[in-house]
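Novice: Chain by chain, the residues run as shown.
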Amino acid sequence: MEGLGLFGAGIGAGISVLGAGLGIGRLAASALEAAGRQPEAAGDLRTTMIIAAALIEGVAFFALVICLLMAIA
Amino acid sequence: MSATENTEHLEKELITEVDTSAHGTEETAHKEESPVTQILNDLGDHEEFSFGPLHADILPVILYDEGQFHFYGNRSSMEASGDYVMEHHHVVRATDHQAPDMNLSITNMVAFQWMAMILLVILFFTVSKKAKKSGEKAPSGVHNFFESIIVFVRDDIVQPNIAGNAGVRLLPYFLALFMFILVLNLIGLLPGGHTATGTIGVTAALAITAFLVINYTAIRESGIGAWFHHLLGGAPVWLAPLMIPIEIASMFIKPFSLTIRLFANMVAGHTVLFSLMGLLFVFQSFFVAPAIVGFATFINLLELLVAFLQAYIFTMLTAIFVGLAIGEHSHDQEHAH
Chain G
1 MEGLGLFGAG IGAGISVLGA GLGIGRLAAS ALEAAGRQPE AAGDLRTTMI
51 IAAALIEGVA FFALVICLLM AIA
Chain X
1 MSATENTEHL EKELITEVDT SAHGTEETAH KEESPVTQIL NDLGDHEEFS
51 FGPLHADILP VILYDEGQFH FYGNRSSMEA SGDYVMEHHH VVRATDHQAP
101 DMNLSITNMV AFQWMAMILL VILFFTVSKK AKKSGEKAPS GVHNFFESII
151 VFVRDDIVQP NIAGNAGVRL LPYFLALFMF ILVLNLIGLL PGGHTATGTI
201 GVTAALAITA FLVINYTAIR ESGIGAWFHH LLGGAPVWLA PLMIPIEIAS
251 MFIKPFSLTI RLFANMVAGH TVLFSLMGLL FVFQSFFVAP AIVGFATFIN
301 LLELLVAFLQ AYIFTMLTAI FVGLAIGEHS HDQEHAH
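Chains G and X supply the protein sequences, listed in that same order. Residue 45 in our numbering sits at position 45 of the first sequence; the count goes up by one each step and never skips. Residue 264 in our numbering sits at position 264 of the second sequence; the count goes up by one each step and never skips.
Treat the hints with care, since some could be wrong.
[Stated by the list, open to error] Covered stretches of chain G, as calculated for chain X (at least 3 residues, CB under 8 Å): (1) 42-52; (2) 57-67.
[As the list claims (entries may be wrong)] For the chain X half of the interface with chain G, some residues (derived, Cβ under 8 Å), not all of them: (3) 257; (4) 260; (5) 261; (6) 264; (7) 313; (8) 316; (9) 317.
These are calculated hints, taken from the structure and not from any lab test. All C-beta atoms in this analysis are idealised placements derived from N, C-alpha and C, irrespective of residue type, glycine included.
Whenever a hint applies, use it, and build me the whole structure from the sequences.
Specialist: As structure tokens, this is what we get:
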């Protein structure tokens, strides 16, 4: 049964990282596209992008911490 | 008769002894074996000062147990007193091996925070002295370096998010927050250094200061009535039963997410580094070592970026939250029509 718990933790970590990767990938793609269309706004876009990336990353880290707690406990 | 009784007694004692010892070793083996707990233990906090190979038993142990405080000069004097012992890097009672009610010791991470504070105080006093002396001349050296950071925090973090007088008044807080997190992150990257921002208590305390600043500034700038009005989130009054719990939850989720973000970022990077270093001991081969050292160097450089980025993000998000808390009132009215 303990093995199943570890299995679940691993799968959970993988899925949450998948989601975060997709999210940040889409974010970076859109930001780059926007910067390509309007290069003078690149500085503002970068700041906004970093903040949004941090928010996505924060959610992913919530999931990862839960998985880690599952793996240790 | 008495002989059989004796042997029976002895047998019972032996059985219980074997039982407890077997149980004990099983438990210790389980705890010591797991590499995950081992790595997390290395990343965690201890009642001993350590910086690389330097281990010094110089930190006081302060325990609050059964209604009274216990002070010890250091860990070995605590163990010499016989009331408390160390078990799996934790302080426990010598009698029943339970953790004391509260452990308020000056731990390794506290020592590292003090190091960062002393460093910052020295640096900033030097810089302010230089700034006063140089007057109108262009800054140079350490003064130049810090002035660029201060201007960055002022122009890129505080001013765009917090308008007017509140931004000027809060600048020292944001500067201190940014520099403190940055220095703690960077000390953690020194060989043998420990990352205090990788302990959840430290990040939680930083987030609590952020929570207080957000709400204090909101009340100070727009008054207590407006602060209560924010709890409606701009929705019609009949939605209050729905909006008020959501707004109160979001008030607490903000600092909570700040806590987890900084903590998890610092721990994640160091866990990856530890795991890569662990591969060296798994393979024990000359051919694998250069690749692992290369990867570890790359991750270390990435960590350098993360150290700056996380200090920036924590400060930036706090500034945004303060700005939202102040500006929400007028913002809502703009959208109302």
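Novice: Does the structure break any of the earlier hints, and which numbers would those be?
Specialist: No hint contradicted; all consistent.
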